[in-house]
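Protein sequences appear in the order of chains Y and A.
Heads up: the first sequence begins at 1 in the working numbering, then just goes up one per residue.
Heads up: the second sequence begins at 1 in the working numbering, then just goes up one per residue.
Honestly, the hints are just simulated from the structure, not real lab data.
Hints may contain errors.
[Said to hold, decoys possible] Quick list of in silico lysine-lysine cross-link-like pairs, DSSO-like style, CA-CA up to 30 Å:
| # | chain 1 | residue 1 | chain 2 | residue 2 |
| --- | --- | --- | --- | --- |
| 1 | A | Lys-38 | Y | Lys-101 |
| 2 | A | Lys-16 | Y | Lys-41 |
| 3 | Y | Lys-66 | A | Lys-16 |
| 4 | Y | Lys-55 | A | Lys-3 |
| 5 | Y | Lys-64 | A | Lys-3 |
| 6 | Y | Lys-41 | A | Lys-38 |
| 7 | Y | Lys-41 | Y | Lys-66 |
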Amino acid sequence: GAVVSQHPSWVICKSGTSVKIECRSLDFQATTMFWYRQFPKQSLMLMATSNEGSKATYEQGVEKDKFLINHASLTLSTLTVTSAHPEDSSFYICSARAVLKTSGRDEQFFGPGTRLTVL
Amino acid sequence: AQKVTQAQTEISVVEKEDVTLDCVYETRDTTYYLFWYKQPPSGELVFLIRRNSFDEQNEISGRYSWNFQKSTSSFNFTITASQVVDSAVYFCALSEFQGAQKLVFGQGTRLTINP
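Could you build all of it, start to finish, from the sequences and the hints given here?
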């Protein structure tokens, strides 16, 4: 159990276009979802925290108008990279937080990531 | 502010050697969580362990063991009898115990196990 999916797994787009990445918790409802960005050979950096039905909280230095986050339900969050440029090329990873009924533990579960390449 | 430091950028050992990955953290919180994740070339993060700050017992899981020393703010990870499949980037991370529990990651250690 506790599977998080991301779609697409990779995407190549032209500079100036917008790209939407979906993050879904498949077998549980997530109280909170997080979006991370990882540049090549670097660490994961938190971009934003989102809760269902409310506005996302962005980390310092992350442009909210460029990285639009919609958390439409307890199982789906989307990240839209608007007017993407080559410097936005990165590995985007989401995670979903939930208290599992099986264990009673409050945990975070990571998606497999989406590799974005902007030409 | 929370901070995690993994001073070892890259480690390369020969198969069957033991290897320890260091992790030092900084936080003002009295309670917190510490984590280790493995990231193979595929990119997907693999959860290895979560430890809460009030449990200082060392843990062993097969060839993996973790040493938590609150006095030195360290949470080191040892792989015994390393195998080629252990080659990956390993991240240490820290989160608050309450609240949003956002994860702060270290820079990662790239471990290469040579046959």
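Tell me if the straight-line CA distance from Y/Lys-41 to A/Lys-38 falls inside 30 Å. Holds: Y/Lys-41 and A/Lys-38 sit about 14 Å apart, inside 30 Å.
Given the hint that Y/Lys-55 pairs with A/Lys-3, test it: the Cα-Cα distance must not exceed 30 Å. Since the Cα atoms of Y/Lys-55 and A/Lys-3 sit roughly 26 Å apart, the hinted pair holds (cutoff 30 Å).
Pairwise hint evaluation, Y/Lys-41 against A/Lys-16, where the allowed Cα distance is 30 Å at most: The given pair, whose Cα atoms are some 26 Å apart, holds under the 30 Å limit.
Starting from Y/Lys-41, check that the Cα of Y/Lys-66 is at most 30 Å away, please. The hint holds at about 23 Å.
Check whether the Cα positions of A/Lys-38 and Y/Lys-101 lie no farther apart than 30 Å. holds (25 Å)
Agreement of Y/Lys-64 and A/Lys-3 with the hint, judged by alpha carbon distance not exceeding 30 Å: holds (24 Å)
For Y/Lys-66 and A/Lys-16, compute the direct alpha-carbon distance and say whether it is at most 30 Å. Answer violated: Y/Lys-66 to A/Lys-16 is near 47 Å, above 30 Å.
Hint 3 from the earlier list is the only one contradicted by this structure; the remaining hints agree with it.
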